[in-house]
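Based on the hints, put chain B in the right spot on chain A.
2 protein chains.
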Amino acid sequence: MLSEFDLIARYFTRSPREAGRIALGVGDDCALLSPSPGMQLAISSDMLVEGRHFFAHADARKLGHKCLAVNLSDLAAMGATPLAFTLALALPQARDEWLEPFSQGMLALADRYGCELIGGDTTKGPLNICITIFGEIAPGAALRRDRAQVGDDIWISGTLGDARLALAAYRKELELDPVALETASERMHRPTPRVELGIALRGIAHAAIDVSDGLSGDLGHILEQSGLGATLDVDALPVGAALAQQPQDLKRRFALNGGDDYELCFSAPSAKHSAVLAAARSAGIAVTRVGVIEAEQGLRLTDAGGAPLQLPLSSFDHFASP
Amino acid sequence: MLSEFDLIARYFTRSPREAGRIALGVGDDCALLSPSPGMQLAISSDMLVEGRHFFAHADARKLGHKCLAVNLSDLAAMGATPLAFTLALALPQARDEWLEPFSQGMLALADRYGCELIGGDTTKGPLNICITIFGEIAPGAALRRDRAQVGDDIWISGTLGDARLALAAYRKELELDPVALETASERMHRPTPRVELGIALRGIAHAAIDVSDGLSGDLGHILEQSGLGATLDVDALPVGAALAQQPQDLKRRFALNGGDDYELCFSAPSAKHSAVLAAARSAGIAVTRVGVIEAEQGLRLTDAGGAPLQLPLSSFDHFASP
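Heads up: the sequence lines are chains A and B, in that order. What the first sequence shows, in our numbering, is residues 2 to 323, in sequence order. What the second sequence shows, in our numbering, is residues 2 to 323, in sequence order.
Among the clues, some could well be false.
Just so you know, same-sequence chains aren't split out, so a pair can sit in one copy or run between any two.
Here are the simulated DSSO-like pairs of lysine-lysine, each with C-alpha atoms no more than 30 Å apart in a straight line [as the list claims (entries may be wrong)]:
no. : residue 1 : residue 2
1   : Lys-173   : Lys-125
2   : Lys-173   : Lys-63
3   : Lys-273   : Lys-63
4   : Lys-173   : Lys-273
5   : Lys-273   : Lys-125
6   : Lys-63    : Lys-125
Hints in this document: simulated from the structure, not taken from any laboratory.
Just chain A, same shape as in the assembly (with noise of 0.2 Å):
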């Protein structure tokens, strides 16, 4: 059995090699970190519980890559650069075959991003997950939900509705064959942060969000917090590759309401659709354009033709779902 202390040296302490930000890490009462110049910290908390976030005989590597990467997908959604997080875990054991893949995945992950692991805490408890992530950004340039306007485009990253699809398949809503079954599960399990195309959209993009929770409840809270309305071609959304095999009324629901995607859902002016392009291009992923904001209050849906579409919009509630 591990005690605390070997657990923290063995798994989570290595010497940051940022050392001009890192001016402290894990071992003290506190880390220390030494923002640059002039730069807003861009903060951020999720936390992940078993049953809830993740199955309890999860792939432990994934699941260390996917805590991260959900909390990066937050800073992406800022546009900020990471910089450094922290780790809280709860354990109901110190077992070295859960905590060496754990740490690895999540720490393979940081390592992509140059994102220092600089402190934390853990205890014994119900399996728990709490990471704070840190990131930097000049103050005025952030990405913020409450700045979109009227006539900007709205756009999807990547593709959506593929980490729902596993879902249901492991709910056993639908079966999927083999192949679609591994492609949607590594959608789930291995999600991407959109870190350089956040990065790249400063001074582009007006608003942005991650589609973590469902495309309509996400886009949502950018037309809630920036007072505004707008109307979403549902035949546009970029559906994933899984996903794309299943009859059109899944497609369409799984693709607006879908959450666990950690695509980024943005505004942009209609002035600033080839700097958007040149943006993603620079990132390495697709962006699609799939709807526009405006002054009318509410989301509307269309199919491709323009014509209204009614679907139910769901968006995820911890404490509203049984």
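Chain B in isolation, oriented as in the chain A frame:
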């Protein structure tokens, strides 16, 4: 039943009063914090789990206070000025009867130190409270664990052991009269972070830590990280008002090994003796000199007469205990 968004809006959203430092609070993908020019950010995360750090039926108001207090105590042990915090909360249910006192207890303490709640997460799950706190301090001014020097006096703020005494009473290891139980319980449930003292000790103390797991283990961290040892006069340890009425053996053991007091243990050169006393006076808390830092590694204990004492040393380990 409250929705997740209602819950956040009702209990945890307030307009920031520190508009200069908090550029964006609760409600976006990230909060935006503007540290003062040239300052380092001190960051700490603590996770509190039901059944581990508090009892299932803990008073919600006191629990809200304590969760933030233990984080403020980490800033205090660094000498940092509190700025802001995030709160991630897993709850079995979203109940007003719990959330209202919990948030009031937490935010009343936050207000006392001008420490703003700037974001977080709520989810359904076994009760788990994870706070990440941010303070600021000038580069080089932090009271680090690895900075003790040979010849430093070792000091303790306030008193030790009453929180451990309350735990013993709850566990029926002993009986307390009602007044002693009330005194001891208050120390356990409503610890006072020594924020003002930590700030006042900048430039005076060499090393500091807060006593959360027990003095012997916590001082041990200073000694290990500084590569030094110490002799501690066990009978000089300031014991709490309730513990003071107990037999000598219990006084010694609980003062030395009892956790949850959240006093500061710090080292300072003997030439700064009067500066330490002046800092404590300005912070409104007593401090007691209890030992000396030495080159020889390890922790040596003596009684009031200077004779060597053998007492069991225990440091709290979340994964070693049953």
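Right, here's what the structure says about each hint:
For the identical chains of this complex, Lys-173 and Lys-125 are inter-copy neighbours only, at 23 Å across copies versus 33 Å inside a copy, given an alpha-carbon limit of 30 Å. Taking CA atoms no more than 30 Å apart as the test, Lys-173 paired with Lys-63 passes inside one copy only; the shortest distance there is 22 Å, against 45 Å between copies. For a Cα distance limit of 30 Å, the shortest separation of Lys-273 from Lys-63 qualifies neither inside one copy, at 37 Å, nor across copies, at 53 Å. With identical chains, the CA atoms of Lys-173 and Lys-273 are never at most 30 Å apart, being 43 Å at best within one copy and 70 Å at best between copies.
In this homomeric assembly, Lys-273 and Lys-125 never come within 30 Å of each other (Cα to Cα): the closest approach is 51 Å inside a single copy and 41 Å across copies. Taking identical chains as interchangeable, the C-alpha atoms of Lys-63 and Lys-125 lie at most 30 Å apart whether they share a chain (22 Å) or sit on different chains (22 Å).
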